[in-house]
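Novice: The residues making up each chain are set out below.
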Amino acid sequence: MSRESDRRSGRPCRSISRRDFLKGTAAGIAGAAFPFGSTIVSVWESFFQKHFREMSQDEIRDVIERLQREYSEKFDTRIDINARKAIPGTLFGYGLDLSRCIGCRRCVYACVRENNQSRDPQVHWITVLRFKKGEKWVNDLEGAEKYYYPEKVPEEGFFYMPVQCQQCENPPCVKACPTQATWKEPDGIVVIDYNWCIGCRYCMAACPYGARRFNWGRPRIPKEELNTETHYLGNRPRYVGVVEKCTFCIQRTRAGRYPACVEICPVGARKFGNLLDPNSEIRYCIENKRVFRLKEDLNTLPKFYYFFAT
Amino acid sequence: MGHPGERRTWHLCAAALFLLLMPLFHPSEPSAEEDIPKFFVPPPPFSEGIFPCSQCHAGMEANPTRRELSYHTEIAKGFNHAADQRWCLDCHNPDDRDKLRLASGKLVSFEESYYLCGQCHGTIFRDWKAGVHGKRTGYWRGKKEYRLCVHCHNPHRPRFKPIKPLPPPMKPEDIKYRELSPEEIPRNPLNEILRSERVERK
Numbered sequence: 001m002s003r004e005s006d007r008r009s010g011r012p013c014r015s016i017s018r019r020d021f022l023k024g025t026a027a028g029i030a031g032a033a034f035p036f037g038s039t040i041v042s043v044w045e046s047f048f049q050k051h052f053r054e055m056s057q058d059e060i061r062d063v064i065e066r067l068q069r070e071y072s073e074k075f076d077t078r079i080d081i082n083a084r085k086a087i088p089g090t091l092f093g094y095g096l097d098l099s100r101c102i103g104c105r106r107c108v109y110a111c112v113r114e115n116n117q118s119r120d121p122q123v124h125w126i127t128v129l130r131f132k133k134g135e136k137w138v139n140d141l142e143g144a145e146k147y148y149y150p151e152k153v154p155e156e157g158f159f160y161m162p163v164q165c166q167q168c169e170n171p172p173c174v175k176a177c178p179t180q181a182t183w184k185e186p187d188g189i190v191v192i193d194y195n196w197c198i199g200c201r202y203c204m205a206a207c208p209y210g211a212r213r214f215n216w217g218r219p220r221i222p223k224e225e226l227n228t229e230t231h232y233l234g235n236r237p238r239y240v241g242v243v244e245k246c247t248f249c250i251q252r253t254r255a256g257r258y259p260a261c262v263e264i265c266p267v268g269a270r271k272f273g274n275l276l277d278p279n280s281e282i283r284y285c286i287e288n289k290r291v292f293r294l295k296e297d298l299n300t301l302p303k304f305y306y307f308f309a310t
Numbered sequence: 001m002g003h004p005g006e007r008r009t010w011h012l013c014a015a016a017l018f019l020l021l022m023p024l025f026h027p028s029e030p031s032a033e034e035d036i037p038k039f040f041v042p043p044p045p046f047s048e049g050i051f052p053c054s055q056c057h058a059g060m061e062a063n064p065t066r067r068e069l070s071y072h073t074e075i076a077k078g079f080n081h082a083a084d085q086r087w088c089l090d091c092h093n094p095d096d097r098d099k100l101r102l103a104s105g106k107l108v109s110f111e112e113s114y115y116l117c118g119q120c121h122g123t124i125f126r127d128w129k130a131g132v133h134g135k136r137t138g139y140w141r142g143k144k145e146y147r148l149c150v151h152c153h154n155p156h157r158p159r160f161k162p163i164k165p166l167p168p169p170m171k172p173e174d175i176k177y178r179e180l181s182p183e184e185i186p187r188n189p190l191n192e193i194l195r196s197e198r199v200e201r202k
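Going down the list, the protein sequences come from chains A and B.
Each residue of the first sequence is one higher than the last, beginning at 1 in the working numbering.
Each residue of the second sequence is one higher than the last, beginning at 1 in the working numbering.
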């Protein structure tokens, strides 16, 4: 399948002109604040009326049916896509206990398995960083070692810090997107519509955590390893030229389950729950442990909390 | 019900009823050992054939002396858990070996060994009950499965054992687009390592 038809499917036909339109304005948006005058906004609104969030249930169903047909041709197997909405009264939060993490990378590959990341070219949503104990760290994400590979972990004198999408309440990536292909859902998950993403990668430049990944080539997954239970905004197979990232396993967590990385962690370092529920384990962490967030000074307000339990 | 006075009486009745029933939902201050419902945990990770202990111990005299053992030799030799103050029968019940025994004399089953550990590791036990030490799987919004302390810590040598890590990510300069047949697409190394760990445990 050609690159274009790969990516276009599922989009309203107007998207071609939208894209051409954007070509002329993208630079202007990036440079200056977009003029949110009322008339302009209404023009844009009508222009974007078939955005995922504005589709009716019937329209969503039609899109999903078409995608399922395309996927089953492409992968020669049935892929189930749901578009389950946020559960009212939930705001998801995540906790990571750095005094437990041993840097074993089970989470990285459980995420790959659950979320259908490309095996080749390789895409990982989680990166585990290694720091020397006692050295300055935390906000020096770029300077950290991510290629460590000893015989056994943990290693004496080191600690480990997995980093993935921090699900910011104030996400700079969303603001950077010229097509509104990425947004924050009511349960706090920042999602991407892979059929709207034009691959400009502004969001990647805007993310202070390096959490977004780009499909430089056509993603490839062995057929027998496909996870066929998917969410439209989550782990459904992606296309070449689109951006992807952690969604707190939206396909699992909206069904009430724990994310895959929480379940695989052999040391129990990963915590997940509803920030609005005072009895959730994430609230317990926030109230009983000294939690911190990465690059707090940027005011991105991540819903991903790190702590040292002991 | 439209009349305001009527409604107030109804509210008062409801309040009285609530106060009456409340103790049912909030039983008196729970004791340390009973403040939690039974936790849903997978079965204890016994070695094959060792349980019930009574298959051998039923007719045996309990022997509290610290010594080299002719059976369970590895456990005794490797014992390293505050070892200078403790020995087997501080945790195992001398009379019925199929049970553990708390300091209070209360017996607990192996399915509830967390009570035993919780006696000395109170803060960790509290975190564990909240799902923060150790782990929960299943449903954040529903049925949760816990792990016993002994699923992660050998009670006789509790320090966590180092494990083999999975491979690091490829360096960006090594990621090249290449033609691959379906068989050549790399497989997820997780599946392989989980298989081998399962075999190792047996």
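You may find that some hints are simply not true.
Examples of chain B residues toward chain A, derived with CB under 8 Å [claimed, not checked]: (1) Pro-42; (2) Ile-50; (3) Pro-52; (4) Leu-102; (5) Lys-106; (6) Phe-110; (7) His-133; (8) Tyr-139; (9) Gly-142; (10) Pro-155; (11) Pro-158; (12) Pro-165; (13) Pro-168; (14) Lys-171; (15) Tyr-177; (16) Arg-187.
Keeping only pairs whose Cα atoms sit at most 27 Å apart, straight-line, the calculated DSS-like set for lysine-lysine is [claimed, not checked]: (17) A:Lys-136 with A:Lys-152; (18) B:Lys-171 with A:Lys-223; (19) B:Lys-143 with A:Lys-85; (20) B:Lys-176 with A:Lys-74; (21) B:Lys-99 with A:Lys-152; (22) A:Lys-50 with A:Lys-146; (23) A:Lys-146 with B:Lys-144; (24) A:Lys-133 with B:Lys-171; (25) B:Lys-129 with B:Lys-99; (26) B:Lys-164 with A:Lys-146; (27) A:Lys-289 with B:Lys-144; (28) A:Lys-133 with A:Lys-146; (29) A:Lys-289 with B:Lys-171; (30) A:Lys-184 with A:Lys-295; (31) B:Lys-143 with A:Lys-132; (32) B:Lys-164 with A:Lys-152; (33) B:Lys-99 with A:Lys-289; (34) A:Lys-132 with B:Lys-171; (35) A:Lys-132 with B:Lys-129; (36) A:Lys-133 with B:Lys-161; (37) A:Lys-85 with A:Lys-146; (38) A:Lys-295 with B:Lys-161; (39) A:Lys-223 with B:Lys-143; (40) B:Lys-143 with A:Lys-136.
No lab work stands behind these hints: they were computed from the structure.
This structure is a prediction, so every number in the text was calculated from the model and none was measured.
Virtual Cβ for every residue (Gly too), placed ideally from N, Cα, C.
Novice: Against this structure, judge whether each hint is valid.
Specialist: Do the hints match the structure? See the list:
1. Pro-42: Hint on Pro-42 of chain B: violated, closest Cβ of chain A at ~13 Å, above 8 Å.
2. Ile-50: Ile-50 of chain B check fails; min Cβ-Cβ to chain A is 23 Å, beyond 8 Å.
3. Pro-52: Violated, because the Cβ-Cβ distance from Pro-52 of chain B to chain A comes to roughly 29 Å (cut-off 8 Å).
4. Leu-102: This interface hint is violated because 24 Å lies over the 8 Å limit.
5. Lys-106: 27 Å, violated
6. Phe-110: With a closest approach of 20 Å, the Phe-110 of chain B hint is violated.
7. His-133: 7 Å, holds
8. Tyr-139: 5 Å, holds
9. Gly-142: 5 Å, holds
10. Pro-155: 17 Å, violated
11. Pro-158: Violated. Min distance 13 Å.
12. Pro-165: 5 Å, holds
13. Pro-168: 4 Å, holds
14. Lys-171: Interface hint status for Lys-171 of chain B: holds (7 Å vs cutoff 8 Å).
15. Tyr-177: Cβ of Tyr-177 of chain B sits 4 Å from chain A, so the hint holds.
16. Arg-187: Interface hint status for Arg-187 of chain B: holds (6 Å vs cutoff 8 Å).
17. A:Lys-136 with A:Lys-152: 24 Å, holds
18. B:Lys-171 with A:Lys-223: 25 Å, holds
19. B:Lys-143 with A:Lys-85: 21 Å, holds
20. B:Lys-176 with A:Lys-74: The given pair, whose Cα atoms are some 23 Å apart, holds under the 27 Å limit.
21. B:Lys-99 with A:Lys-152: 35 Å, violated
22. A:Lys-50 with A:Lys-146: Roughly 41 Å between the alpha carbons, so the hint for Lys-50 of chain A and Lys-146 of chain A is violated.
23. A:Lys-146 with B:Lys-144: Roughly 33 Å between the alpha carbons, so the hint for Lys-146 of chain A and Lys-144 of chain B is violated.
24. A:Lys-133 with B:Lys-171: 25 Å, holds
25. B:Lys-129 with B:Lys-99: 22 Å, holds
26. B:Lys-164 with A:Lys-146: 16 Å, holds
27. A:Lys-289 with B:Lys-144: Between Lys-289 of chain A and Lys-144 of chain B the Cα gap is close to 22 Å, so the pair holds against 27 Å.
28. A:Lys-133 with A:Lys-146: 15 Å, holds
29. A:Lys-289 with B:Lys-171: 35 Å, violated
30. A:Lys-184 with A:Lys-295: 20 Å, holds
31. B:Lys-143 with A:Lys-132: Distance ~39 Å between Lys-143 of chain B and Lys-132 of chain A Cα, so the pair is violated.
32. B:Lys-164 with A:Lys-152: 5 Å, holds
33. B:Lys-99 with A:Lys-289: Violated, at about 35 Å.
34. A:Lys-132 with B:Lys-171: 21 Å, holds
35. A:Lys-132 with B:Lys-129: 32 Å, violated
36. A:Lys-133 with B:Lys-161: Satisfied, since the Cα-Cα distance of roughly 20 Å is no more than 27 Å.
37. A:Lys-85 with A:Lys-146: 35 Å, violated
38. A:Lys-295 with B:Lys-161: 33 Å, violated
39. A:Lys-223 with B:Lys-143: 32 Å, violated
40. B:Lys-143 with A:Lys-136: 41 Å, violated
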